Amino acid sequence: EREGLADVVVRRLGLICHAPDLTEWATMVHRAKHPTGKVTIALVGKYVALHDAYLSVAEALTHGGIENGVSVDIRWVNSEEVMADTVDKLLAEAQGILVPGGFGKRGIDGKIEAIRYAREHKIPFLGICLGMQLLFDRGEEVRRCAGLGLVGGQVVRIPTACKLPHIGWNSLTFPNPSPLFAGLDEGIYVYFVHSYCGIAADAADVLALTDYGVPVTAAVGRGNVYGCQFHPEKSGEAGLQILKNFGGLNR
1 EREGLADVVV RRLGLICHAP DLTEWATMVH RAKHPTGKVT IALVGKYVAL
51 HDAYLSVAEA LTHGGIENGV SVDIRWVNSE EVMADTVDKL LAEAQGILVP
101 GGFGKRGIDG KIEAIRYARE HKIPFLGICL GMQLLFDRGE EVRRCAGLGL
151 VGGQVVRIPT ACKLPHIGWN SLTFPNPSPL FAGLDEGIYV YFVHSYCGIA
201 ADAADVLALT DYGVPVTAAV GRGNVYGCQF HPEKSGEAGL QILKNFGGLN
251 R
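Numbering (my numbering), first residue to last: 1 to 251.
Everything labelled a hint here was simulated from the structure, so no lab data went into it.
Hints may contain errors.
As the list claims (entries may be wrong) - PhoX-like mimics (lysine-lysine), calculated; alpha carbons at most 20 Å apart, straight line: (1) K89 / K122; (2) K33 / K234; (3) K38 / K105; (4) K244 / K234; (5) K105 / K46; (6) K122 / K38; (7) K38 / K244.
What the hints assert, rightly or not - The following label-pair restraints were derived from C-beta to C-beta distances: (8) R143 / H30: 50 to 58 Å; (9) L13 / H121: 55 to 63 Å; (10) S195 / V9: 42 to 50 Å.
Computed from a predicted model, the values in this text were never measured in an experiment.
Heads up, the beta-carbon is just placed ideally off N, CA and C, and yes, glycines get one too.
Required output: the full structure, derived from the provided sequences and hints.
So, in structure tokens, the structure goes:
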């Protein structure tokens with residue numbers, strides 16, 4: 001902008017354009033270059049050798065940190081290496097732990113161990129999609145199996161007449177207040193990709209709902225543990241605000 005490139009393009013295209021207001025952009029750049037602190041977030045997944053597999057999550061965390069005025073140090077933790085005798089070494093410095101979505105059983109035990117560690121050490125935890133479903137007592141996808149039981153209830157196939165999987169944008173309502181959704185109004189749209197949903201035993205654990213022919217649990221929380229069935233990293237400004245709020249829990 002300082003070099004006048006935009007003016008050249010505008011003249012070339014024959015457009016009439018007023019001087020841009022770059023205040024918001026300049027403020028963001030200043031925050032990015034001059035953070036007031038640092039937050040270490042452990043991202044626990046099985047594809048961490050290829051960072052691009054979680055690029056949307058990583059970029060969303062980075063920008064959430066910018067909004068909080070801090071830099072985000074992402075610790076890439078291979079869930080296949082997380083075991084009872086290694087978890088403390090791998091996660092000891094984490095101020096927040098995030099388990100993203102995924103498929104298949106590979107690395108699941110490590111994700112469960114990471115969630116347990118977050119709970120026992122009172123480290124803010126955010127589970128996305130599968131990461132949320134692991135919080136429940138049990139699940140029925142593929143076969144009936146036990147979960148962590150940090151949120152009472154079970155994970156079942158969505159009992160809806162609508163087409164599954166549920167893919168796309170849907171709005172949220174907030175039956176219970178939560179710092180995870182601070183600054184957001186009911187009716188915001190977020191992005192879903194799932195066929196199974198959690199049914200909480202205690203309505204107080206349900207932080208957000210959506211409608212897909214039937215009410216569907218979109219987010220849960222208990223203590224320092226939070227889970228989103230939707231993908232905040234793919235949910236635009238609303239998702240950025242959610243990850244900003246999660247980063248703020250560590251301050």
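Each hint tested on the structure:
no. : hint                   : result
1   : K89 / K122             : holds (16 Å)
2   : K33 / K234             : violated (25 Å)
3   : K38 / K105             : violated (33 Å)
4   : K244 / K234            : holds (14 Å)
5   : K105 / K46             : holds (10 Å)
6   : K122 / K38             : holds (19 Å)
7   : K38 / K244             : holds (13 Å)
8   : R143 / H30: 50 to 58 Å : holds (52 Å)
9   : L13 / H121: 55 to 63 Å : holds (57 Å)
10  : S195 / V9: 42 to 50 Å  : holds (46 Å)
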